[in-house]
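One letter stands for each residue in the lines below.
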Amino acid sequence: MADRSPAPDTPELRARWGSFAFTEAYKVKADRHIAKYPEGRQKSAVMPLLDLAQRQVGEETGTQGWLPLPVIEYVAAYLDMPVIRVLEVATFYFMYNMRPVGKHHVQVCGTTPCMLRGSDALFETCKARGMKKGHVSEDGLWTLTEVECMGNCATAPMAQINDDNYEDLTPERLDAVLDALAAGEQPKAGTQEPGRHTSEPYGGVTTLKEMVDENHDYRSEW
Amino acid sequence: MPKVTVDGLEIEVPDGATVLQACELAGKEIPRFCYHERLSIAGNCRMCLVEVKPGPPKPQASCALPATDGQEIRTDTEMVKTAREGVMEFLLINHPLDCPICDQGGECDLQDQSMYYGRGATRYRMNKRAVTEKYMGPLIKTIMTRCIHCTRCVRFSEEIAGVDEIGAVGRGEDMQITTYLEQAAEHELSANVIDLCPVGALTSRPYAFEARPWELKKTLSIDVSDAVGANITLYSKGREVMRALPRINDAVNEEWLSDKGRYQVDGLMRRRLDKVYMRRDGKLQAAGWDEAFTAIAEAVAGDKGSIAAIAGDLVDCETMFAAKALLRACGSNLLEGRQTGMAYDVSNLAAVNFNSSFAGIEEADAILIVGSHVRWEAPLVNVRLRKAAKRGAKIFIVGPAWDTTYPAEFIGTDLAILNELPSHIAETFEKAERPAVIVGGAGLKNAHGKALALAAGWGAAFNVLHMSASRMGGLMLGYAQKGGIADIAEAKPKVLLSLGADETDYASFADSLKVYVGHHGDAGAHAADIILPAASYAEKDGTYVNTEGRVQFAEKAVFAPGDAREDWTILRALADALGVEVGFDSFGELQSAMIAEVPALGEEGLADYGALPEADKNTRAEGEISAYPVRDFYLTNPIARASEVMQRCSSELLHAGELQEAAE
Chain A
1 MADRSPAPDT PELRARWGSF AFTEAYKVKA DRHIAKYPEG RQKSAVMPLL DLAQRQVGEE
61 TGTQGWLPLP VIEYVAAYLD MPVIRVLEVA TFYFMYNMRP VGKHHVQVCG TTPCMLRGSD
121 ALFETCKARG MKKGHVSEDG LWTLTEVECM GNCATAPMAQ INDDNYEDLT PERLDAVLDA
181 LAAGEQPKAG TQEPGRHTSE PYGGVTTLKE MVDENHDYRS EW
Chain B
1 MPKVTVDGLE IEVPDGATVL QACELAGKEI PRFCYHERLS IAGNCRMCLV EVKPGPPKPQ
61 ASCALPATDG QEIRTDTEMV KTAREGVMEF LLINHPLDCP ICDQGGECDL QDQSMYYGRG
121 ATRYRMNKRA VTEKYMGPLI KTIMTRCIHC TRCVRFSEEI AGVDEIGAVG RGEDMQITTY
181 LEQAAEHELS ANVIDLCPVG ALTSRPYAFE ARPWELKKTL SIDVSDAVGA NITLYSKGRE
241 VMRALPRIND AVNEEWLSDK GRYQVDGLMR RRLDKVYMRR DGKLQAAGWD EAFTAIAEAV
301 AGDKGSIAAI AGDLVDCETM FAAKALLRAC GSNLLEGRQT GMAYDVSNLA AVNFNSSFAG
361 IEEADAILIV GSHVRWEAPL VNVRLRKAAK RGAKIFIVGP AWDTTYPAEF IGTDLAILNE
421 LPSHIAETFE KAERPAVIVG GAGLKNAHGK ALALAAGWGA AFNVLHMSAS RMGGLMLGYA
481 QKGGIADIAE AKPKVLLSLG ADETDYASFA DSLKVYVGHH GDAGAHAADI ILPAASYAEK
541 DGTYVNTEGR VQFAEKAVFA PGDAREDWTI LRALADALGV EVGFDSFGEL QSAMIAEVPA
601 LGEEGLADYG ALPEADKNTR AEGEISAYPV RDFYLTNPIA RASEVMQRCS SELLHAGELQ
661 EAAE
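As given, the protein sequences belong to chains A and B, one line each in that order.
In this text, residue positions in the first sequence follow UniProt numbering: the first is 1, and each later residue adds one.
In this text, residue positions in the second sequence follow UniProt numbering: the first is 1, and each later residue adds one.
By construction, these hints were calculated from the structure, which means they are not laboratory data.
Quantities reported herein were computed from a predicted structural model and do not represent experimental measurements.
Heads up, a few of these hints could be off.
Below 35 angstroms or equal to it, Euclidean Cα-Cα: the simulated DSBU-like pairs (lysine-lysine) are [said to hold, decoys possible]: (1) Lys-134(B) / Lys-133(A); (2) Lys-218(B) / Lys-43(A); (3) Lys-275(B) / Lys-218(B); (4) Lys-43(A) / Lys-390(B); (5) Lys-58(B) / Lys-3(B); (6) Lys-390(B) / Lys-29(A); (7) Lys-387(B) / Lys-43(A); (8) Lys-127(A) / Lys-81(B); (9) Lys-134(B) / Lys-132(A); (10) Lys-218(B) / Lys-28(B); (11) Lys-390(B) / Lys-36(A); (12) Lys-431(B) / Lys-36(A); (13) Lys-390(B) / Lys-133(A); (14) Lys-36(A) / Lys-103(A).
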């Protein structure tokens, strides 16, 4: 598992992020999340707010974003809750990055279904491109992380890169995706298998066939 | 009232009880680590597995399962036994098994339960996890590799102490218990997590490697660091008190103890007065008992009645009664215990008592605090107030702001606000069903009468929160002059007996022979002309009355050092030197005489002070509360001031970052 300890609390970190505050646009979004909960329960919005903070940090640094300690403290103050409670949440969930990441955060699933479908080869592909698990590549473009199941077992193996999932990967397809991202393009998200739309079976549906074209009421057949 | 069957025994359990509690009621012991009666249920250690029908065909965590009618619970089946063994095996996978070098050894839940419920030997052959130590302040020593993630410490600081500072960061195998950025745990109850920790992850830093539990003598005692009278056990080895731990008493301290009460005991071995001293040529020099007694007798020769006594904050009732008897025999009634010059009316003791009782204040739904920094003056009462606030009580405080651990409104420092309370506050109290008023040391002087009137008007419980362990006992024994200590000074006594009084201003007694009967070389001893070394609370039997009027008895744990004697024997000997009869020759006789005079002191439990006095509706409160009497929580009494641990707490927790200047 990746190192989830926060980046060290150094004077440089304080200098860079000490004055972090939500921009107007982010503040609007943050307050919308807080408004979802009853008065006095603003703490419930901690997860979306951490996400927003991470995204704003990402915008400022041209990366996927991460959560420096001063930013975590800002979110805690914003929600009027103890900072240790926010840190608990931030270190618990993998979608919060505790260390700086590259522009594209390549999270390759290494759990059993993906592994059986060839995720080891995906890691090789990444390694061949100079990525190292848990590190930002020298050009600042990539960070590779091995993650646990992302719930795409039907289209294994998969990788999540920033906000998009890329499924049914082979080394060549992953290379193509990464090439496109490096070139600044946005490759098609989802399955990379030609002719497949989402996670339906290969070679067409095998059950609920009548449902393909129109809605069908199966109840009379039960 | 659901009826359940535990191992074939049918019992009825209260509504809302859990299966674990049902098993306890049936007399079955259920092993547990994360479950604690006074904390919320976490259900994460899985040690309390039992078999329950109806339900899934697998063992269930009994601590988090409500008991329902008709349940059949088994705690003695093969499945339960195997399940416990399995859980224990998992817990021990990442536990270092370093019991021989662990301070928890001998009083460790994990050690005990692995003996009872674990497998005989390990099957684990791989590497164990190791976790770095976390700094948690001068009181808590951490060895985090031993942590089994029960989260009791996290729940305690969040729920009881109200200071969210301990948390579990990371997840799964990487989960670690820590404070934010390893800052010290900064509250007055922080060391209670040491008691709560079922393993040796959080242990006592000052007590590290000092003793094993089985070599310590336990003595039941009462904490004198504040007026709460927390029940404690003193653990002593030889002549030294090694540590103090809380005893369970739901009416007083539940099972907590303030850090001061727990850690001031190392002060019992420092700066002790262990010889008789007399001031000669302006300097205190060692002397003999006879010399000292002769000097005192000479000072009052011809005018025996010119003798006064001031009781300190830590003395027991017996000492105060012995001094009172001595003074009475001499023909004097100059007794005072309110060292700092307070002179509130004590003609009715109910008016200076915490009448709600500590357990009762939890039920209050509106509380007005006048001039009390409750967190420092009585941390364990603050815990009760937090409970009340959690139940919905509205709390208003008159006085300078302090960091409450619950929502409270500070309504200014000017006492005049009590004359005309803002409408929302007045309305709250008028509507409240169980309102309460608490007057602290800073409010007693100028707002006592007004607070009484307010309480009477609202039908509220009236409470006074004292700070010294001897206060209520002293007042019951008549240690109060109408004008306070100023009356004593005015009487210009030839001899002033100071019973461990260290907060008194002795400048107003310049002409008196000041005899300090006490145990620590503190302010009182510095000002004294004669020092008679006496015993601290750990070194004598004694009765204490806490601020709610609860009479409690403490036992002697160790002998006083050097020439020091128990206070009453000194006063008895002094009676002979002065040629008067006090009427007792043994501690038993002294106690009987005391109880004969004040019967309430002979009965453990709440003393009855009768009804509150008629309040004068036209009194007005005036003046400003500029500060609270307690300036430094860790240094309020001579024992604490002598304690290295308390000094360290004070400098690290309260005065951290202040520039230390060399004394010129």
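Quick rundown of the hints versus the structure:
1. Lys-134(B) / Lys-133(A): The hint holds at about 28 angstroms.
2. Lys-218(B) / Lys-43(A): Given pair Lys-218(B), Lys-43(A) is violated - Cα atoms ~46 angstroms apart, limit 35 angstroms.
3. Lys-275(B) / Lys-218(B): Holds - the C-alpha atoms of Lys-218(B) and Lys-275(B) are around 28 angstroms apart, at most 35 angstroms.
4. Lys-43(A) / Lys-390(B): 17 angstroms, holds
5. Lys-58(B) / Lys-3(B): This hinted pair holds, its Cα atoms lying about 22 angstroms apart.
6. Lys-390(B) / Lys-29(A): OK: Lys-390(B) and Lys-29(A) at ~32 angstroms, within 35 angstroms.
7. Lys-387(B) / Lys-43(A): 21 angstroms, holds
8. Lys-127(A) / Lys-81(B): Distance ~49 angstroms between Lys-127(A) and Lys-81(B) Cα, so the pair is violated.
9. Lys-134(B) / Lys-132(A): 30 angstroms, holds
10. Lys-218(B) / Lys-28(B): 28 angstroms, holds
11. Lys-390(B) / Lys-36(A): Judged against 35 angstroms, a Cα distance of about 24 angstroms means the pair holds.
12. Lys-431(B) / Lys-36(A): 33 angstroms, holds
13. Lys-390(B) / Lys-133(A): 47 angstroms, violated
14. Lys-36(A) / Lys-103(A): Cα-Cα ~31 angstroms, so holds.
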